[in-house]
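Colleague: Note that the protein sequences, when read in sequence, are chains A and B.
Each step along the first sequence adds one to the number in this note's numbering, with nothing skipped, and position 35 is 35.
Each step along the second sequence adds one to the number in this note's numbering, with nothing skipped, and position 265 is 265.
If you are wondering where the hints come from, they were derived from the structure by calculation, not from laboratory data.
Glycine included, every Cβ here is placed at the ideal spot set by N, Cα and C.
Please note that a few of the clues may not be correct.
Said to hold, decoys possible - Which chain B residues stay away from chain A? Per the calculated CB distances, all over 12 Å, these:
1. 20
2. 102
3. 134
4. 147
5. 189
6. 317
7. 395
8. 396
9. 417
10. 440
Stated by the list, open to error - Okay, the calculated beta carbon distance ranges per label pair:
11. A:221 <-> B:86: 21 to 27 Å
12. B:145 <-> A:221: 42 to 48 Å
13. A:36 <-> B:266: 52 to 58 Å
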Amino acid sequence: MRLDVKLLIYVYMGICVSLLIFNLCYIFVDAANGRQAQNPGRSFLRLQRRVQSFARTGQIAAKEHRQNQRALLSVKRLERFHWSVEKMRREMPKEMEAYLAACEGDFRSLALVYQKKDELQKAYFARILELYGIGQDEHYDELKKILVEMACSTSVYTRENALRALYHSGSTEAVIRAFLQMSRRGVFHYGKLLTDGLLSFCGDQEALVWELWKCRNQLSSDYVLAVMQFIRMSQGGYEEEFCNFLQEENVDLELRLEALRYFRRYHHPPVYPLLLRLMNGSGEYGWEYQAVTALTLVNYPCAKTEAVLKAALCHRNWYVRYNAASSLVTAFGTDEARFVDVLGGDDRYAKEILGYMLRHSRQREGADAT
Amino acid sequence: MTEFMRGFLTYVGYFFIVYLIGYASFLFLSVLTGSLELYRQKKMNRLKNELDEDYYIPVSILVPAHNEEVTVVDTVRSLLGLDYPLYEIIIVDDGSTDRTAQNLIDAFDMLEIARPIRRQIFCQRQKAVYETQEGNVSLTLIVKENGGKADALNMGINAAHYPYFICMDADSVLQTDSLREIVKPVLENDHVVACGGLVRISNSAKLKGGRLVKYRMPWNPIVGMQIMEYDRSFLASRLMMNQFNGNLIISGAFGLFQKKAVISAGGYDASTMGEDMELVVRLHVFCRTNQIPYSIPYTPGAICWSQAPSSVGDLMKQRRRWHLGLFQSMFRHRQIFLNRQFGMVGFVSYLYYLFYELLSPFIELFGVFTMAAAVLLNLINVRFMILFYLVYTLFGAIMTLTAFFARIYTQNITLSAADGIKAVLMCIAESLFFRFILAYVRTTAFLGYKKRGHQWGSIKREKINVE
Numbered sequence: 001m002r003l004d005v006k007l008l009i010y011v012y013m014g015i016c017v018s019l020l021i022f023n024l025c026y027i028f029v030d031a032a033n034g035r036q037a038q039n040p041g042r043s044f045l046r047l048q049r050r051v052q053s054f055a056r057t058g059q060i061a062a063k064e065h066r067q068n069q070r071a072l073l074s075v076k077r078l079e080r081f082h083w084s085v086e087k088m089r090r091e092m093p094k095e096m097e098a099y100l101a102a103c104e105g106d107f108r109s110l111a112l113v114y115q116k117k118d119e120l121q122k123a124y125f126a127r128i129l130e131l132y133g134i135g136q137d138e139h140y141d142e143l144k145k146i147l148v149e150m151a152c153s154t155s156v157y158t159r160e161n162a163l164r165a166l167y168h169s170g171s172t173e174a175v176i177r178a179f180l181q182m183s184r185r186g187v188f189h190y191g192k193l194l195t196d197g198l199l200s201f202c203g204d205q206e207a208l209v210w211e212l213w214k215c216r217n218q219l220s221s222d223y224v225l226a227v228m229q230f231i232r233m234s235q236g237g238y239e240e241e242f243c244n245f246l247q248e249e250n251v252d253l254e255l256r257l258e259a260l261r262y263f264r265r266y267h268h269p270p271v272y273p274l275l276l277r278l279m280n281g282s283g284e285y286g287w288e289y290q291a292v293t294a295l296t297l298v299n300y301p302c303a304k305t306e307a308v309l310k311a312a313l314c315h316r317n318w319y320v321r322y323n324a325a326s327s328l329v330t331a332f333g334t335d336e337a338r339f340v341d342v343l344g345g346d347d348r349y350a351k352e353i354l355g356y357m358l359r360h361s362r363q364r365e366g367a368d369a370t
Numbered sequence: 001m002t003e004f005m006r007g008f009l010t011y012v013g014y015f016f017i018v019y020l021i022g023y024a025s026f027l028f029l030s031v032l033t034g035s036l037e038l039y040r041q042k043k044m045n046r047l048k049n050e051l052d053e054d055y056y057i058p059v060s061i062l063v064p065a066h067n068e069e070v071t072v073v074d075t076v077r078s079l080l081g082l083d084y085p086l087y088e089i090i091i092v093d094d095g096s097t098d099r100t101a102q103n104l105i106d107a108f109d110m111l112e113i114a115r116p117i118r119r120q121i122f123c124q125r126q127k128a129v130y131e132t133q134e135g136n137v138s139l140t141l142i143v144k145e146n147g148g149k150a151d152a153l154n155m156g157i158n159a160a161h162y163p164y165f166i167c168m169d170a171d172s173v174l175q176t177d178s179l180r181e182i183v184k185p186v187l188e189n190d191h192v193v194a195c196g197g198l199v200r201i202s203n204s205a206k207l208k209g210g211r212l213v214k215y216r217m218p219w220n221p222i223v224g225m226q227i228m229e230y231d232r233s234f235l236a237s238r239l240m241m242n243q244f245n246g247n248l249i250i251s252g253a254f255g256l257f258q259k260k261a262v263i264s265a266g267g268y269d270a271s272t273m274g275e276d277m278e279l280v281v282r283l284h285v286f287c288r289t290n291q292i293p294y295s296i297p298y299t300p301g302a303i304c305w306s307q308a309p310s311s312v313g314d315l316m317k318q319r320r321r322w323h324l325g326l327f328q329s330m331f332r333h334r335q336i337f338l339n340r341q342f343g344m345v346g347f348v349s350y351l352y353y354l355f356y357e358l359l360s361p362f363i364e365l366f367g368v369f370t371m372a373a374a375v376l377l378n379l380i381n382v383r384f385m386i387l388f389y390l391v392y393t394l395f396g397a398i399m400t401l402t403a404f405f406a407r408i409y410t411q412n413i414t415l416s417a418a419d420g421i422k423a424v425l426m427c428i429a430e431s432l433f434f435r436f437i438l439a440y441v442r443t444t445a446f447l448g449y450k451k452r453g454h455q456w457g458s459i460k461r462e463k464i465n466v467e
């Protein structure tokens, strides 16, 4: 028994020492790599020579292209190259941009290799493409096809970096294909990232919005929601479409609510009767509709709206009451005389929530004034 | 009789060999996976695998406070400087008897307002609500009757406007990028119902504008040993449990929760002393029972600086509370134990906490008694026993050191040579002495625990070194 225990102790001591050695080696090697990447030295001097030569002659030798394609296959070298590019961009920005544009073909070839690498490297390569403005044209080509494929990957970083490269390219077709593919394959990508990404699109945003809206039936509701939010946050102009959309059957609740939110930002009188119907229909529509409509009505101030919102203060749902009170105060001001019927009424909840909103709004006005 | 004892002690010996191999293997695996995960994350940052857009998920920060007049204003000031586009701060004063509320009202010119609060989860009534606006951030102070930390957090959840909330301690400081970091898992996976951040000890750190500017190993051995312990157990083991969605604890000092999920699960349980662990275990049970896909990850990039007890007395108070909380959470959710429905949570996480945390003091005590018996019967080789103990201590110390230096390296912290030596000494001291203090506290934790009920743990507060 004792011998066995001794053996066990030796095994664990061995594990211990090997873990320590492994960690020390890892830290030293990784630190050395990091230092090398950030101090590219020779790599920088070589790039500097090449950029200067390109600035003089306007040409890159075929051998140089071959060297680029070979060298940048390794992510470590690509990292070093990137640090050199960043440094050169500070020293000779115009020349560097021109050189990168002339090297576009090299990166297109590299894309074929990087698409087969692990997620970490794929994500890095996609980011490099975006940073260097590679593939900035409308055409849907091999490079964009690879980026669309990367946009469907399992890593959120690869997806986001590939999408960013596509937004940066300004190609409507590529972005639409990416959305369709992701939706078809059931890839989850957080809605806010999609909306923010679309807002950064470098091409014709109006055309992109229209094309995405046209193919909404092929997109899953998460993606349609992101498109609708993009429309609401960008230029609007979809009042008719959204009004009709609200009346379509078999539309997801979240999408209908988003359409209602749109009309809070963009005034559209024809939708008003529908809003009133949603507010008045007791039990017919879920409380979610009434909560969002109560907020939307802030953009339709009139006596009828005031009456509907005051009635909503007595709703059984807390959110409907809260939103109605908020809209009343925003649309009709903080003069208590206007709300005396509610404040002097019998409904305790209505009085409490409206009283709170009035005081809160006045406090904010006071704070803004000072 | 001697034969019987000899046979008995032999089996005890087998048991301890299995027990120690289990612990050593867990420690080894957690330190290995923990360090590998930290290295992977460092590489990811280097290779631009990051979401650096101005993304956001609106977040409510809940700060429960009870007699925190010394630190609460600084805590709120530091929260106002967070680098995040949309968040609100809700401080819940849980019946303080000092100037906690008044200091806040004076410091931020807060005004009383009759705010109706929708009580979706039970909590004690509010006595007064104060509000103000600081830039983009809405600041709310709710003064309520005393009901304990869990009750205060439930009040905060009821008052929160946003779909996710952060719970934190009133004596803690969030690093400026902590909100950006802690919401990342939600952006990666829409099934995240809760996410833990890394709690680091602030006693020897200097922060400026929410960023770490100076980090020293402390001279106080009580604090130093806790730093080592945090790195080993909190960083490494949680990163390992991340691999199979098996985290059973999110520290009450810093965690992000989905409001909807927490309300559905019933909020914080005010009758336990470890409300943070109990909630996480309940979320596991709730989601598994209702077949809701869920994830409870741990993200070491989101950092919160918290004060550690600096005296043995305070440390014992804190650990006694933790151990009782652990017992209550595990006992309440004992259906997890070796239950196939809970997968690795039932077979690894629960088992680990049961044998190596909850029962460990009793097992260790049993070990000491059997060892004494073996010495009396002359059945033990004392030299071998001492050697074994030293090797085991060394093993623990090396594992702790590995976790410590992996964190120091990956978080780009520079340590002086003196601090490095201090760290090594603290590691050894932690392995040699700290475990005995903990064993004592844990063994005696149950004495008179009914009397203590759900009181706030009070340890001596100091101002955090923040500029």
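Colleague: Each hint: holds or not?
Modeller: Quick rundown of the hints versus the structure:
Not every beta carbon of chain A lies more than 12 Å from that of residue 20 of chain B, the smallest distance being close to 9 Å; the non-interface claim is violated. The Cβ of residue 102 of chain B lies farther than 12 Å from every Cβ of chain A, with a closest approach of about 19 Å, so its non-interface assignment holds. Not every CB of chain A is more than 12 Å from the CB of residue 134 of chain B (nearest about 10 Å), against its label as outside the interface. For residue 147 of chain B, the non-interface assignment is confirmed: its Cβ lies about 22 Å from the closest Cβ of chain A, beyond the 12 Å cut-off.
At roughly 7 Å, the least C-beta separation between residue 189 of chain B and chain A is not larger than 12 Å, which violates its mark as non-interface. No beta-carbon of chain A is positioned within 12 Å of the beta-carbon of residue 317 of chain B; the least distance is around 34 Å. Against chain A, the non-interface label of residue 395 of chain B is violated: not every CB pair exceeds 12 Å, the least being about 5 Å. For residue 396 of chain B, the condition that its CB be more than 12 Å from all CB atoms of chain A is violated, with the nearest at approximately 10 Å.
With a least beta-carbon separation of about 16 Å from chain A, residue 417 of chain B lies farther than 12 Å from that chain, consistent with its non-interface assignment. With a minimum CB-CB distance of about 27 Å to chain A, residue 440 of chain B clears the 12 Å threshold, and the non-interface call stands. A beta carbon spacing of about 24 Å between residue 221 of chain A and residue 86 of chain B agrees with the range 21 to 27 Å that was offered as a hint. Between residue 145 of chain B and residue 221 of chain A the beta carbon distance is about 45 Å. The supplied range of 42 to 48 Å therefore holds.
A hinted range of 52 to 58 Å holds for the C-beta pair residue 36 of chain A and residue 266 of chain B, which are about 54 Å apart.
Violated hints for the displayed structure, listed by number in ascending order: 1, 3, 5, 7 and 8.
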